[in-house]
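*Asks:* Each chain, letter by letter, is given below.
Protein chains: 2
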Amino acid sequence: MAPLSGALRLLYEGKSKRIYAAGPGEALMVFKDEVTAFNGRYRDEAPGKGAYSAALTSRMFELLESYGIKTHYICYAGGNAVKIRLADVIPLEVIVRNYVYGSMKKRLPLLKEMDKLEPPVVELHYKDDRLGDPLLHPRDPVAAGILAEDELNAIEDLALRVNNALSSFWRDRGLTLVDFKIEVARDNSGFMVVDEITGDTMRLIDPEGRHYDKEVYRRTRSTELLLQSYVRLLEAAGNPSRRC
Amino acid sequence: MAPLSGALRLLYEGKSKRIYAAGPGEALMVFKDEVTAFNGRYRDEAPGKGAYSAALTSRMFELLESYGIKTHYICYAGGNAVKIRLADVIPLEVIVRNYVYGSMKKRLPLLKEMDKLEPPVVELHYKDDRLGDPLLHPRDPVAAGILAEDELNAIEDLALRVNNALSSFWRDRGLTLVDFKIEVARDNSGFMVVDEITGDTMRLIDPEGRHYDKEVYRRTRSTELLLQSYVRLLEAAGNPSRRC
Chain A
1 MAPLSGALRL LYEGKSKRIY AAGPGEALMV FKDEVTAFNG RYRDEAPGKG
51 AYSAALTSRM FELLESYGIK THYICYAGGN AVKIRLADVI PLEVIVRNYV
101 YGSMKKRLPL LKEMDKLEPP VVELHYKDDR LGDPLLHPRD PVAAGILAED
151 ELNAIEDLAL RVNNALSSFW RDRGLTLVDF KIEVARDNSG FMVVDEITGD
201 TMRLIDPEGR HYDKEVYRRT RSTELLLQSY VRLLEAAGNP SRRC
Chain B
1001 MAPLSGALRL LYEGKSKRIY AAGPGEALMV FKDEVTAFNG RYRDEAPGKG
1051 AYSAALTSRM FELLESYGIK THYICYAGGN AVKIRLADVI PLEVIVRNYV
1101 YGSMKKRLPL LKEMDKLEPP VVELHYKDDR LGDPLLHPRD PVAAGILAED
1151 ELNAIEDLAL RVNNALSSFW RDRGLTLVDF KIEVARDNSG FMVVDEITGD
1201 TMRLIDPEGR HYDKEVYRRT RSTELLLQSY VRLLEAAGNP SRRC
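Protein chains in written order, with my numbering: chain A, 1 to 244; chain B, 1001 to 1244.
To be clear, the hints were calculated from the coordinates, so they are not data collected in a lab.
Since the model is a prediction, treat every value here as computed from it, not as a measurement.
A virtual CB, placed ideally from N, CA and C, is assigned to each residue, including glycine.
A few of these clues could be false.
Computed footprint of chain B on chain A; a stretch qualifies when at least three of its residues, placed anywhere within it, have a C-beta under 8 Å from a C-beta of chain B [stated by the list, open to error]: (1) 93 to 107; (2) 118 to 131; (3) 151 to 163; (4) 197 to 204.
Pulled out of the complex, with its shape left as it was, chain A reads as follows (with noise of 0.2 Å):
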């Protein structure tokens, strides 16, 4: 593909990546060479990251709609970009957990970390950084008028389908899931997955309790051991198949 040119438009700038307009409902996710974390407060270069987090991200997506569930993902635009469909996103972040970790064992410090969860607890949360995305009751967003009373146990369901192929996945690469984020959109047929999946959205243990996402981050602050970990994860699963 073309390389990107500052014509353009910018759509959207999160702290991971912007999004461009590219043509009739479509656009480019282009992700930045930065990792930051604490909502921020930490923030450093990391060159390569934005390309294996598209490649990532990209091979993730096609893994799900292999399970025949829908997401923004079009192709793999090459490098640090992937090209995908405008849809209307839900300011909600939506967090299944098979093991307590993070902010779960912070809320509630009785908990054990890594403790398994049976079933796997859905969280949705508001997405607010000035807020520090806080957890909701599930109810919140059907009284927010965010969500309608039947979408509730559709996004619930749709979660769980995505952690039974991001799980199987990622187990037979002698990876642990432990956690990940998404986020949903939803078009005229019903939701779909956007965003992003990759290092910095899931939690990925091997069986010596080593991580392979942005825990190595938060915990040594180094962007090489980063960087290590997210070049074995894209190792581990693949190159994207679906160029553009």
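Let chain A serve as the given structure and place chain B on it in line with the hints.
*Replies:* What follows is chain B alone, placed relative to chain A:
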């Protein structure tokens, strides 16, 4: 009853009350003449508040028992003291919301203050001042072993029965129960409502939107205005009948 002597053994001290041992399996819950807000950041002397709180709590527990809801209440010991049964308190705050207000609106600003919630929302929070009593995912207490699987529904049922009793009681007196907090304990036969039920734990407004609850203090920091509201609440509720 005899005046409280220094010989009573203090079992627990919270922000608004102290619990003293008082015979086998029983205790005295003694309310302080103090008001605190914003998790203890504001604190003022409020002479008389202890007695209003003790009398109103007693009246409220008598109301709940008239609905067949078990509580830890034995009798009103006069002044600022209530005689209670000792019980294993579950470290949760159970919040029932009939309308959007307070921390619910804070975590999801898309909600409209005083929007009616149908059905009412039952929230479980972890009781921990240092953590700011964080909202839990409904399944967290089960994962942490605080509640058994079937107790989760039992607590929600209990909370909604308390809501029916309190809402209807205050509606008859021209006030709307916006939300309230209870704490719950268990004994051999099941759950009971414990702690206090006062203007500190219920949000009550009249048709003009005037508050008869701790909101008065949060907004004005006037203990005088707060006490005026609490006197009115007790006048409207009537005194407890079970004296000891």
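*Asks:* Give a verdict on every hint.
*Replies:* Going down the list of hints, with the structure as the test:
| no. | hint | result |
| --- | --- | --- |
| 1 | 93 to 107 | holds (count 4) |
| 2 | 118 to 131 | holds (count 5) |
| 3 | 151 to 163 | violated (count 0) |
| 4 | 197 to 204 | violated (count 0) |
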